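Participant: The primary structure of each chain is shown beneath.
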Amino acid sequence: DVKVTQSSRYLVKRTGEKVFLECVQDMDHENMFWYRQDPGLGLRLIYFSYDVKMKEKGDIPEGYSVSREKKERFSLILESASTNQTSMYLCASRPGQSYEQYFGPGTRLTVT
Amino acid sequence: SQKIEQNSEALNIQEGKTATLTCNYTNYSPAYLQWYRQDPGRGPVFLLLIRENEKEKRKERLKVTFDTTLKQSLFHITASQPADSATYLCALGDQAGTALIFGKGTTLSVSS
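Taken in order, these protein sequences are the chains called A and B. Residue 99 in the working numbering sits at position 99 of the first sequence, with consecutive numbering throughout. Take the position in the second sequence, starting the count at 1, then add 1000; the result is the number in the working numbering.
Please note that a few of the clues may not be correct.
As the list claims (entries may be wrong) - Pairwise CB distance ranges (calculated):
no., chain 1, residue 1, chain 2, residue 2, range
1, A, N84, B, E1015, 37 to 43 Å
2, A, V12, B, N1007, 34 to 40 Å
3, A, I77, B, E1054, 35 to 41 Å
4, A, S8, B, K1017, 35 to 41 Å
5, A, T112, B, E1009, 41 to 47 Å
6, A, T83, B, A1031, 35 to 41 Å
7, A, D26, B, T1018, 34 to 40 Å
8, B, Q1081, A, G40, 24 to 30 Å
9, B, E1060, A, G16, 33 to 39 Å
10, A, G96, B, R1058, 23 to 29 Å
11, B, N1012, A, S8, 30 to 36 Å
12, A, K71, B, E1015, 40 to 46 Å
Said to hold, decoys possible - Covered stretches of chain A, going by a simulated chain B footprint (3 or more residues, C-beta under 8 Å):
no., region
13, 49–62
14, 102–109
Unchecked claim - Straight-line Cα separation of at most 35 Å, DSBU-like style, residue types lysine-lysine; simulated pairs:
no., chain 1, residue 1, chain 2, residue 2
15, A, K18, B, K1003
16, A, K57, B, K1017
17, A, K71, A, K53
18, A, K13, B, K1003
19, A, K71, A, K13
20, B, K1055, B, K1003
21, A, K57, B, K1055
22, B, K1055, B, K1104
23, A, K18, B, K1071
24, B, K1055, A, K3
25, A, K57, B, K1071
26, B, K1063, A, K13
27, B, K1063, A, K53
28, B, K1057, A, K57
29, B, K1055, A, K18
30, B, K1071, B, K1057
31, B, K1057, A, K55
32, A, K53, B, K1003
33, B, K1003, B, K1059
34, B, K1059, A, K3
35, B, K1104, A, K18
36, B, K1104, A, K70
37, A, K57, B, K1003
38, B, K1063, A, K3
39, B, K1003, A, K55
40, B, K1003, A, K71
Treat the hints as calculated values from the structure; they're not laboratory data. Every value quoted in this text rests on a predicted model; they were computed, and no experiment measured them. C-beta: ideal position from N, C-alpha, C; glycine also.
From just these sequences and the hints, can you work out the full model?
Facilitator: Here you go:
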């Protein structure tokens, strides 16, 4: 079974802090994604990566950056956390030869 | 801009009945459409994919139809069970498979 793990299930940070969210997949997938999910807004794509060191902006990249130094790991960075970044963050991976995405359990981030 | 709508936020049905969920989209020509299941506090789980040149796909008690003329997909769960209670998301993808556009989801409740 494909396994996508995220470093924390729950996280509480203060405004202005730098926040790192880590995602690791164990199936050698080429593509990895970061989404945020908010009530009434659904899942929105922040960034994705189709290869090591490659990244593409999604629909809402402002206030975020990403890093992919190794194929299995995709990190989301909030350079200076703000209260409007309080959300559920979901990581996903996808193999190169198919379209279905495999999601991690999510990190519920609260910025106070 | 692209828009994807799942026309019911919530759907309540009795055990044993068929649940039918609808996904409509505009301003987009997807290469495929996917359905995911999401339980509270968890990441979405892939269920089915249907391509633009397919009319219908089945998997056990699940059936998906795709009408590119109407720009609509219907998702059916036959002989529904309380364990089917969850939020169901539809998602559109392009040929490049780079990113999905998700609907906001329909929360299905099956009562015994």
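Participant: All hints, please: hold or fail.
Facilitator: Outcome of the hint check:
Distance hint check for N84 of chain A and E1015 of chain B: the Cβ-Cβ separation is about 41 Å, which falls inside the suggested range of 37 to 43 Å. Checked against the hint of 34 to 40 Å, the pair V12 of chain A and N1007 of chain B passes, with Cβ atoms roughly 36 Å apart. Evaluation of the 35 to 41 Å hint for I77 of chain A and E1054 of chain B yields a pass: the beta carbon distance comes to about 40 Å. Evaluation of the 35 to 41 Å hint for S8 of chain A and K1017 of chain B yields a pass: the beta carbon distance comes to about 40 Å.
In this structure, T112 of chain A and E1009 of chain B break the distance hint of 41 to 47 Å, their C-beta atoms being roughly 29 Å apart. At roughly 38 Å, the beta-carbon separation of T83 of chain A and A1031 of chain B lies within the given 35 to 41 Å, and the hint holds. Range check, D26 of chain A to T1018 of chain B: about 37 Å between beta-carbon atoms, so the 34 to 40 Å window is met. About 28 Å separates the C-beta atoms of Q1081 of chain B and G40 of chain A, a value consistent with the hinted range of 24 to 30 Å.
Distance hint for E1060 of chain B and G16 of chain A: a CB-CB separation of about 50 Å, inconsistent with the stated range 33 to 39 Å. The hinted window of 23 to 29 Å between G96 of chain A and R1058 of chain B holds, with their beta carbons roughly 27 Å apart. Restraint check, N1012 of chain B to S8 of chain A: a C-beta distance of roughly 34 Å satisfies the suggested window 30 to 36 Å. Between K71 of chain A and E1015 of chain B the beta carbon distance is about 44 Å. The supplied range of 40 to 46 Å therefore holds.
With 3 residues having a beta carbon nearer than 8 Å to a beta carbon of chain B, the region 49–62 of chain A meets the requirement of three or more and the stated coverage holds. A count of 6 residues in the region 102–109 of chain A with a Cβ less than 8 Å from any Cβ of chain B is obtained; the coverage claim is therefore met, three being the minimum. Taking the CA atoms of K18 of chain A and K1003 of chain B, the gap is near 33 Å; set against the 35 Å cutoff, the hint holds. Distance restraint check for K57 of chain A and K1017 of chain B: the Cα-Cα separation of roughly 42 Å exceeds the 35 Å cut-off, and the hinted pair is therefore not satisfied.
Between the alpha carbons of K71 of chain A and K53 of chain A the distance comes to roughly 9 Å, so the proposed pair stays at or under 35 Å and holds. In summary, the hint linking K13 of chain A to K1003 of chain B is supported, as the alpha carbons are separated by about 33 Å, within the 35 Å threshold. Restraint check for K71 of chain A and K13 of chain A: the C-alpha separation of about 28 Å stays at or below 35 Å, so the hint holds. Taking the CA atoms of K1055 of chain B and K1003 of chain B, the gap is near 21 Å; set against the 35 Å cutoff, the hint holds.
In summary, the hint linking K57 of chain A to K1055 of chain B is supported, as the alpha carbons are separated by about 33 Å, within the 35 Å threshold. Using a Cα cut-off of 35 Å, the hinted pair K1055 of chain B and K1104 of chain B holds, with the two alpha carbons roughly 23 Å apart. With a C-alpha separation of about 42 Å, the suggested pair K18 of chain A and K1071 of chain B falls outside the 35 Å cut-off, and the hint is violated. Among the hinted pairs, K1055 of chain B with K3 of chain A is consistent with the structure: their alpha-carbon atoms are about 31 Å apart, no more than 35 Å.
Between the alpha carbons of K57 of chain A and K1071 of chain B the distance comes to roughly 27 Å, so the proposed pair stays at or under 35 Å and holds. Distance check on the hinted pair: K1063 of chain B and K13 of chain A sit about 43 Å apart at the alpha-carbon level, beyond 35 Å; violated. Taking the CA atoms of K1063 of chain B and K53 of chain A, the gap is near 39 Å; set against the 35 Å cutoff, the hint is violated. Restraint check for K1057 of chain B and K57 of chain A: the C-alpha separation of about 32 Å stays at or below 35 Å, so the hint holds.
Restraint check for K1055 of chain B and K18 of chain A: not satisfied, since their Cα atoms lie roughly 48 Å apart, outside the 35 Å limit. A hinted pair counts as satisfied when its Cα atoms are at most 35 Å apart, and K1071 of chain B with K1057 of chain B qualifies at roughly 16 Å. With a C-alpha separation of about 33 Å, the suggested pair K1057 of chain B and K55 of chain A falls inside the 35 Å cut-off, and the hint holds. With a CA separation close to 31 Å, the supplied pair K53 of chain A and K1003 of chain B stays within the 35 Å bound.
Taken as a hint, the K1003 of chain B and K1059 of chain B pair is honoured in the structure, with Cα atoms around 27 Å apart against an allowance of 35 Å. Of the supplied pair hints, the one linking K1059 of chain B and K3 of chain A holds, its CA atoms being roughly 22 Å apart against a limit of 35 Å. With a CA separation close to 29 Å, the supplied pair K1104 of chain B and K18 of chain A stays within the 35 Å bound. A distance of roughly 32 Å separates the Cα atoms of K1104 of chain B and K70 of chain A; the hinted pair therefore holds under the 35 Å criterion.
A hinted pair counts as satisfied when its Cα atoms are at most 35 Å apart, and K57 of chain A with K1003 of chain B qualifies at roughly 19 Å. Under the criterion of a C-alpha separation no larger than 35 Å, the hint pairing K1063 of chain B with K3 of chain A is consistent with the structure, at around 26 Å. Taken as a hint, the K1003 of chain B and K55 of chain A pair is honoured in the structure, with Cα atoms around 24 Å apart against an allowance of 35 Å. For a cut-off of 35 Å, the pair hint linking K1003 of chain B to K71 of chain A stands: about 32 Å separates their Cα positions.
Checked against the numbered hints given earlier, this structure breaks hints 5, 9, 16, 23, 26, 27, 29; the rest are met.
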